Amino acid sequence: DGGITQSPKYLFRKEGQNVTLSCEQNLNHDAMYWYRQDPGQGLRLIYYSQIVNDFQKGDIAEGYSVSREKKESFPLTVTSAQKNPTAFYLCASSITRTETQYFGPGTRLLVL
Amino acid sequence: RKEVEQDPGPFNVPEGATVAFNCTYSNSASQSFFWYRQDCRKEPKLLMSVYSSGNEDGRFTAQLNRASQYISLLIRDSKLSDSATYLCVVNSRGAGGTSYGKLTFGQGTILTVHP
Chain A
1 DGGITQSPKY
11 LFRKEGQNVT
21 LSCEQNLNHD
31 AMYWYRQDPG
41 QGLRLIYYSQ
51 IVNDFQKGDI
61 AEGYSVSREK
71 KESFPLTVTS
81 AQKNPTAFYL
91 CASSITRTET
101 QYFGPGTRLL
111 VL
Chain B
1 RKEVEQDPGP
11 FNVPEGATVA
21 FNCTYSNSAS
31 QSFFWYRQDC
41 RKEPKLLMSV
51 YSSGNEDGRF
61 TAQLNRASQY
71 ISLLIRDSKL
81 SDSATYLCVV
91 NSRGAGGTSY
101 GKLTFGQGTI
111 LTVHP
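Residue numbers (the numbering used here), protein chains in the order written: chain A, 1 to 112; chain B, 1 to 115.
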């Protein structure tokens with residue numbers, strides 16, 4: 001089955017710790033995106049990538065980093081500089097940057 | 001002013017009712033428009049794209065008014081399974097007029113359909 005997978009489903013972070021969220025797609029999509037969702041708010045764009053080895057900051061990139069070494073994978077690292085990391089993180093992909101985006105199941109990050 | 005604004009609701013309707021959601025957007029250069037559905041603690045899923053001429057998919061009808069920068073979603077004959085949060089989504093151009101597929105999401109409208 002083609003689709004987007006994210007792992008883990010739940011992730012716990014200790015103070016001062018960096019954590020990495022996985023996002024993989026086998027849809028052969030060029031573009032991939034990371035969003036953050038907080039309760040009662042719309043999704044906000046963290047980073048996006050249009051092609052391998054290229055990525056751009058979104059609206060709330062501070063405290064996050066990404067890489068795009070393979071077309072299928074777009075991991076997100078939440079660094080210790082992100083002071084309020086508790087949220088629902090959603091990865092999405094699209095055929096190209098202007099096409100409809102499809103979402104993975106998400107990762108819930110909680111701070112201990 | 002938020003880029004995309006929706007009435008958060010919640011809307012509580014009986015089965016079989018007709019319900020309408022409204023959405024306004026502030027960027028007049030917005031290119032494409034969508035309604036996504038999000039179930040509790042799940043990812044958003046595309047419900048339908050919204051076209052200038054209006055479009056229908058079964059019980060769902062979407063309308064776009066570019067002059068008023070207004071989008072609507074009508075659900076007829078509501079089912080219990082329609083209970084979800086409905087997200088109005090706009091694809092806008094980035095800085096300098098480039099389009100990088102930036103989706104701007106409304107905060108969502110909560111719908112509960114009861115027996």
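Honestly, the hints are just simulated from the structure, not real lab data. A quick note: this is a predicted structure, and the numbers were derived from the prediction, not measured. From the three backbone atoms N, C-alpha and C, an ideal C-beta is built for every residue, glycine too. Fair warning: there could be bad hints in the mix.
Said to hold, decoys possible - Below, simulated EDC-like cross-link-like pairs (lysine to aspartate or glutamate); rule was C-alpha separation at most 20 Å, straight line:
{"id": "1", "chain 1": "B", "residue 1": "Lys-2", "chain 2": "A", "residue 2": "Asp-38"}
{"id": "2", "chain 1": "A", "residue 1": "Lys-71", "chain 2": "A", "residue 2": "Asp-38"}
{"id": "3", "chain 1": "B", "residue 1": "Lys-102", "chain 2": "A", "residue 2": "Asp-59"}
Said to hold, decoys possible - Simulated coverage check for chain B against chain A, where a stretch passes if three residues somewhere in it have a Cβ under 8 Å from a Cβ of chain A:
{"id": "4", "region": "45-59"}
{"id": "5", "region": "104-113"}
Do the hints match the structure? See the list:
For the suggested pair Lys-2/B and Asp-38/A, the alpha carbons sit about 16 Å apart, so the restraint of at most 20 Å is met. Between Lys-71/A and Asp-38/A, the direct Cα distance comes to roughly 28 Å. Violation of the 20 Å bound is thereby established for this hinted pair. Restraint check for Lys-102/B and Asp-59/A: the C-alpha separation of about 10 Å stays at or below 20 Å, so the hint holds. Against chain A, the region 45-59 of chain B contributes 3 residues with a C-beta closer than 8 Å to a partner C-beta. That satisfies the three-residue criterion, and the hint holds.
Here's how the region 104-113 of chain B fares: 5 of its residues keep a CB closer than 8 Å to some CB of chain A, so the rule of at least three is met and the hint holds.
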